[in-house]
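**Student:** Okay, so the sequence shown: first residue is 154 according to this note's numbering, each after it adds one.
Hints were generated in silico from the structure; no laboratory data involved.
Keep in mind the model is a prediction, meaning the values are calculated, not measured.
No residue lacks a Cβ here, since even glycine has one placed at the ideal position from N, Cα and C.
Be careful, since some hints might not be right.
Label pairs and their computed distance ranges (CB to CB) [what the hints assert, rightly or not]:
id: 1; residue 1: 185; residue 2: 334; range: 30 to 38 Å
id: 2; residue 1: 281; residue 2: 342; range: 29 to 37 Å
id: 3; residue 1: 335; residue 2: 245; range: 15 to 23 Å
id: 4; residue 1: 283; residue 2: 219; range: 17 to 25 Å
id: 5; residue 1: 280; residue 2: 184; range: 31 to 39 Å
id: 6; residue 1: 270; residue 2: 194; range: 16 to 24 Å
id: 7; residue 1: 198; residue 2: 324; range: 19 to 27 Å
id: 8; residue 1: 164; residue 2: 256; range: 40 to 48 Å
id: 9; residue 1: 236; residue 2: 178; range: 36 to 44 Å
id: 10; residue 1: 243; residue 2: 165; range: 16 to 24 Å
id: 11; residue 1: 202; residue 2: 245; range: 37 to 45 Å
id: 12; residue 1: 182; residue 2: 208; range: 18 to 26 Å
id: 13; residue 1: 327; residue 2: 205; range: 28 to 36 Å
id: 14; residue 1: 192; residue 2: 333; range: 22 to 30 Å
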Amino acid sequence: MSKHGIADTAETVEQRTARAADSVQGLTRWHDDFPTPGVRFADLTPVFADAEGFRTVLDCFAACAPDADLVAGVDARGFLLGAGVAAILGTGVVAVRKAGKLPPPVISREYTLEYGSAALEIPADGIELKGRRVLLLDDVLATGGTLAAAAELFHAAGAEVVAAAVVLELGFLGGRDRQGDYPLTSIVKL
Numbered sequence: 154m155s156k157h158g159i160a161d162t163a164e165t166v167e168q169r170t171a172r173a174a175d176s177v178q179g180l181t182r183w184h185d186d187f188p189t190p191g192v193r194f195a196d197l198t199p200v201f202a203d204a205e206g207f208r209t210v211l212d213c214f215a216a217c218a219p220d221a222d223l224v225a226g227v228d229a230r231g232f233l234l235g236a237g238v239a240a241i242l243g244t245g246v247v248a249v250r251k252a253g254k255l256p257p258p259v260i261s262r263e264y265t266l267e268y269g270s271a272a273l274e275i276p277a278d279g280i281e282l283k284g285r286r287v288l289l290l291d292d293v294l295a296t297g298g299t300l301a302a303a304a305e306l307f308h309a310a311g312a313e314v315v316a317a318a319v320v321l322e323l324g325f326l327g328g329r330d331r332q333g334d335y336p337l338t339s340i341v342k343l
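Please put together the full structure from these sequences, using the hints given.
**Tutor:** Spelled out as structure tokens, the structure:
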């Protein structure tokens, strides 16, 4: 048993990732020129709506950091992932929000996207983050700004990002190069 009471299985992270990849590849819907011309959008809604597909993604992510103290999901699809993985691990979950969605005080980081810029925030008080071991989750890794900004938020609060995971990585955009020294798992890499 893990420290959170999760039954350990003989299945490796790689095996869980392969099972999840089959689901993601089979269920993802692609939309060209959305939200702007030249961008190809991966709609993961069918993956999350399929009970087995969603479960394989959550199991894969939970195996990435079974000893995390806290799971963080990045706005907005990361909220679904974070809540599910936190329930599996028996931890709490923090929603990393887009700017202006949380009351002050907040810790904020600006970042660039492949089609613009934005900012992320977490509460600056009310949640003890110092010394916490965080598993950071998001749906897609593209240019890497969103995930890197989220990791910076937790570092600024005194937490340690022990691992990060994404459903889909667009490797040709180089987002992995912008990440810290934490292990990064991607279920499907294009």
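**Student:** Take the C-beta atom of residue 202 and the C-beta atom of residue 245, compute their distance, and say whether it sits inside 37 to 45 Å.
**Tutor:** violated (25 Å)
**Student:** Are residue 192 and residue 333 spaced within 22 to 30 Å by their CB atoms?
**Tutor:** holds (26 Å)
**Student:** Okay, residue 327 versus residue 205 on CB: inside 28 to 36 Å?
**Tutor:** About 32 Å separates the Cβ atoms of residue 327 and residue 205, which means 28 to 36 Å holds.
**Student:** For the hint 17 to 25 Å, verify it against the beta carbon of residue 283 and that of residue 219.
**Tutor:** Roughly 22 Å apart at Cβ, these two residues keep to the hinted range, so it holds.
**Student:** Can you let me know if the beta-carbon spacing of residue 182 and residue 208 is within 18 to 26 Å?
**Tutor:** Given a distance of about 19 Å, which is inside 18 to 26 Å, the answer is holds.
**Student:** Quick check on a hinted range of 16 to 24 Å for residue 270 and residue 194, using CB atoms only.
**Tutor:** About 18 Å separates the Cβ atoms of residue 270 and residue 194, which means 16 to 24 Å holds.
**Student:** For the hint 30 to 38 Å, verify it against the beta carbon of residue 185 and that of residue 334.
**Tutor:** Given a distance of about 35 Å, which is inside 30 to 38 Å, the answer is holds.
**Student:** Could you see if the CB distance from residue 243 to residue 165 stays within 16 to 24 Å?
**Tutor:** holds (21 Å)
**Student:** Does the Cβ pair residue 280, residue 184 satisfy 31 to 39 Å?
**Tutor:** Holds: the Cβ-Cβ distance is about 35 Å, inside 31 to 39 Å.
**Student:** Using the beta carbons of residue 164 and residue 256, state whether their distance is inside 40 to 48 Å or not.
**Tutor:** holds (42 Å)
**Student:** Taking 36 to 44 Å as the stated bounds, is the beta-carbon spacing between residue 236 and residue 178 within them?
**Tutor:** violated (24 Å)
**Student:** Falls inside 29 to 37 Å, the C-beta gap from residue 281 to residue 342?
**Tutor:** Since residue 281 and residue 342 have Cβ atoms about 35 Å apart, the given range 29 to 37 Å holds.
Checked against the numbered hints above, the structure violates hints 9, 11; every other hint is satisfied.
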